[in-house]
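Chains as they are written, first to last, in my numbering: chain F, 184 to 416; chain Z, 46 to 1056.
Just so you know, these hints were derived from the structure itself, not from any lab.
Mixed in with the good hints, there may be bad ones.
As the list claims (entries may be wrong) - The calculated lysine-lysine pairs, modelled on PhoX-like cross-linking and capped at a C-alpha distance of 25 Å, are:
1. Lys1044/Z to Lys297/F
2. Lys55/Z to Lys197/F
3. Lys804/Z to Lys1014/Z
4. Lys197/F to Lys301/Z
5. Lys301/Z to Lys289/Z
All figures in this text were calculated on a predicted structure; none of them were measured in a lab.
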Amino acid sequence: MSYISVKNLTKVYKMGEVTIKAIDNVSFDIDEGELTVVLGPSGAGKTTILNILGGMDSATSGSVVIDNNDIAKYNNKKLTDYRRYDIGFVFQFYNLIGNLTAIENVSLASQICKHPMDSGEALKRVGLLDRRDHFPAQLSGGEQQRVSIARAIAKNPKILLCDEPTGALDSKTGKKIIELLQDTCHKMKTTTIIITHNAVIADIADKVIKVKNGKIESVTINKKPKLVKEIDW
Amino acid sequence: MLIFKNSFRKIWKSKGRFLSLILIVILGTSFFAGVRETASDMIKTLDNYYDETNLYDFKIVSTMGLTDDDIKSLEAIKGIKEVEGSYSFDTLIDGNAIKVSALSDISNVTLVDGKMPKNNNECLGEEGYYNIGDTITIDDDTYLNNNTCKIVGTVQSSSYIYENKGISTVGDGKLDSLIYVVKDNFKLDYYTEIYLIADNTKEELSYSEEFDDIIDKVNKELQELKPLRETARYEEILEEAMDKIVDAENELNNVKSESEVKFNNALTELNSNKITLDEALEEYNSGLYSLNKTKESTETEINNGFNALDTAKNEFNKALLNSGLTIDTLQPTLDTINANIKEIETQLGYLDPSDSLYETLNARLNELKANKTNIETLISTNNTLIEQENTLNNSLATWNREYNNAINELNNAKEEIDSGYEELNKGYEEYNTNYNLYLSEIADYETEINEAREEINNIEKPVWYLLTREDLTGYTSFYESATKVDSIAAVFPIFFILIAFLMAFNTMNRMIEEERGEIGAFISLGISKKTICFSYLLYILLACILGLVIGLSIGYTLIPRILYTVYAASFTIPELSTYVNPYACLIIILTTFILMSLVVFITLIKDFKLAPATILRPEAPKVGKKILLEHIKPFWKKLSFSWKITLRNLFRYKKRIFMTVLGISGCTALLLTGFGIKDSLSDLLDIQFNDITHYDATLVLNDDVNLDDVNKSLTDNNLTNYINTNISSFTFKADNKNLDFTLIAFMNDDSVDDYVTLKSLDGSDLNLSDDGVIITEKMASLLDAEVGKNISIRNSDNELFVVKVSGICENYISNYLYMNSTYYEEIFEDNNYNSFLVNLDDSTDTEKLSNNLLDTDYFGAIQYTEDNMDMFNDIIAGMNNIVYLIIAFSSFLAITVLYNLTIININERKREIATLKVLGFRDREVSSYVYRETIILTIVGIIVGIFLGFSLNTFVLMIAETDEILFIKIIKPLSYVIAFIIIIIFSIIVQVITYFILKRIDMIDSLKSVE
């Protein structure tokens, strides 16, 4: 069985009398240490998949088995623990706490999990150790995203979930971030899922899951993922 | 327009914020409007009641009653609308002092139940005291035609609205209840009172300045009339009395002259009787005298006869004896001789004369013849003697008979005379007794007349007492109560509305800041700034309108009613009519609108100044900064990570610190002030009536009583602790107001301490001095007086006196001036001590004591400190209830403020919180991340609030203080604790609410772009 196994996942939102099926009977597998890109246009349902995978939303039906645990059956408390110990999250808008320095932002996450990486070490890995005492407002967008990644990896998560990690960045910086993520994934063997509408990024992934209209359009396995240097957008 | 639709949607989306805005407006306006309106509603309600019951503006009573002439002259006064004479008297019914009054048109009564009385057998009783069907009997029959009446209805009177109805002239000196009878039932030939209603007073609000102005004006007129009518009445009474005396004198003179004649006649008769008797007696005496004279001469004559007889007898007896014969032998001897003679003569005839024998015989015959003559002489002498003796005896017997007759006659006459005298003496005696009786009666009568005359000279001029409504205990007490509300209303709601406004400002400010992106979008879409402004105005004005509608409804109905209910407890008054003061209402509405609009403009203008593009971009996040504390490395290092974050967050948003601390400290201050007022009041009575004044009663002496008698009656009633004083009402002028105070001069200042403790403000003991007075703290501050300074005071006759202040003493209720006898007598040139201060045993039955003392006629009134305390207790209880309202509202405000602040805090940091949740923070951790700041700020707010509260309390008490009461400006430690706990409890409540709000924050928000 795969590390992550999504089966017949359906999410229905009820907006008054209208019901919207955000994702409809979705199934896919992701292996441990794999870098997966979930690709699709806005409104395709990829954010819903991310929300469910990230333990931020619950499924209407279907199962989401992660490391032999079906998180679709989790209650709120278990989901919190799941997020706390198993998930590293990288936001599109970094979501750093403005009032905390870089290293404090990292520590904020690491202090609550069981086997955290040293915050300094995490920052070192993203190459920002020298800016550890800077506040987010004193950092550029790319740097902030790095801190965000450091915060995610400091938890030693089972899954690194990245929501449009380059969405708010220019292409050059974006590439560097993707590079960092690919790097991290390979070096740390962390299962990494990047959600994006940017098809270019898909080239660097081990697996590409294309979503369209709430359904899986295709699941492609890149036998030879490209290096970030090789892609261009 | 869609932008407005957007506004409405926003309302729905931010229900919490919108609701808290409404709540803030409700709290602010309802409290402000309500507390400010209460006093005016109360007064208006009472004014209506007074108008409905036609309550008098003036009441005139006189020491000698009032007449129709008085009424006529009152009617003639300009400015008087209605005049009515009426009757009343105080009497004891079943030991209770009851005022029995005639039903009148002015100051009529409100029928609560039953019907109005129609005849002398029916009457009305006070509601709550009498029941329909009760029968009352009045013992004193000087006033009424019919003294037994049945109660056919129960009433309330606007003259007696307070539970303390004032003083009574009977019983224990306290009026217990009221009875009303029909006017015709009174049989007095004079009115006991006259009621007046002045022109235009009904149109003016009672207690208002306009009202008082009219009263003052009419009062002046009445004051002018007063001496005239007093004199007129005096003369009338004098004339009446004089007439009576003259009549009495005339009658006396008539009686006198008639009686004199009668007595004279009687005496004349007696005297003439006496003369007759005297003459008779004289006659008798002369009769007796001549009788005795006759008796003497007659008896001498007879005795002489007898003596002569005796001599003759002796001579005879001698002759007899010489003749050797006895009386018995005389006749036989003679017979023998005669026989012998015859024989001889016969012989001789025979014999010749010459015969010797003849001769012898002749000689013998001669001899015999001589014997015979001798014997015959003897016999005849004897016969003469016997005859003489018989004659004598006869005349003696005759005399004696005559004499006896005469003497008997005389004796009878004497007897008659004697009984005549006896009768005469009796007559005289009777005459004298009657005459003396008559004289003494006349004398008595004359004395009486003289006394009456004297009394007329002593008749005091009748005194008119011009009473106004101010002299009604209820009328003034009610105003006191109402103004107490007002004095608190003057300051409290301002602070209240200030905090409310601040919170609204904060809320709107945050909202606009949060929606900066949206505003930018609107501007860039070409929507005019006016329209944008309007869309926010719409939002806030909607909140204001809803808040105002609810707030003003509560403020103008519920709050006055709550406060009124509290006051109504000690008053018998109609239900409150609530009024909406259109001006105040308009001001509140306008102020709210203007302030809230200002909030919108001020915040928006900041944004509008920027170029649309800049507004579109999110406001550059605040650069995180190391805080000062971090530089204290050892301290900072020891802090846990979460505390570091908390502290850093705390200092990041200065505005939030400011708002939170201000909001919470404001509420704490309000709460604390509420408690502070309560604390200040709670000990007030205790300190005043236990620690400062100790006497339990004041006995007011009647004029001209003998102090020894009084002392005896006090001892008789087991009163041992008392002190003779002069207690008089005086006034002093401060801030253009004439304020009352009580002057107490001690006749003997040895034991003053037992009755009043005079302590200076620094706690040291004060003693009365011979050259100065001790005045109370409040009076000193009103007069701006210091020790050594002179102050001016006026007595009730408005005479001015200047006294030196020798001390200022601690005192909280009423104003007093204390002095010793030396200084008192020096200043006032008077040594009349009209009252006693008395300490009673705990077991004293005050009612009995009052009855006993008032029965002696030495005492005019008895006042118990307890009753006085009760009155202040009522006022204080009323204030306490306002305090509860303040506390309740402050609590509401506190909870709203806390909620509002937390909501804003959460709204501001929704994204941050969502991020934390995504990072796997548990709900508890997320909450504590937010709470920790709130708790710190709350505690800081409370601490600041405690200082603020202390000042606010002092300030509010200073304003709320009246000229009569000095507040003890303290807040008890317990109150600090309670205020602290209340705020903490509220913040816990709010945090429980926040917990659920936080829980509901959607993590997906964290994925959204920064707005």
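Taking only the CA atoms, is the gap from Lys197/F to Lys301/Z under or equal to 25 Å? violated (128 Å)
Would the hint linking Lys55/Z and Lys197/F be met if the CA-CA limit is 25 Å? Since the Cα atoms of Lys55/Z and Lys197/F sit roughly 21 Å apart, the hinted pair holds (cutoff 25 Å).
Lys804/Z paired with Lys1014/Z [C-alpha distance capped at 25 Å]: holds (18 Å)
Does the structure keep Lys1044/Z and Lys297/F at a Cα separation of 25 Å or less? Since the Cα atoms of Lys1044/Z and Lys297/F sit roughly 24 Å apart, the hinted pair holds (cutoff 25 Å).
Lys301/Z and Lys289/Z were given as a pair; does the straight-line alpha-carbon distance stay at or below 25 Å? Distance ~18 Å between Lys301/Z and Lys289/Z Cα, so the pair holds.
Violated hint: 4 only; the structure is consistent with all others.
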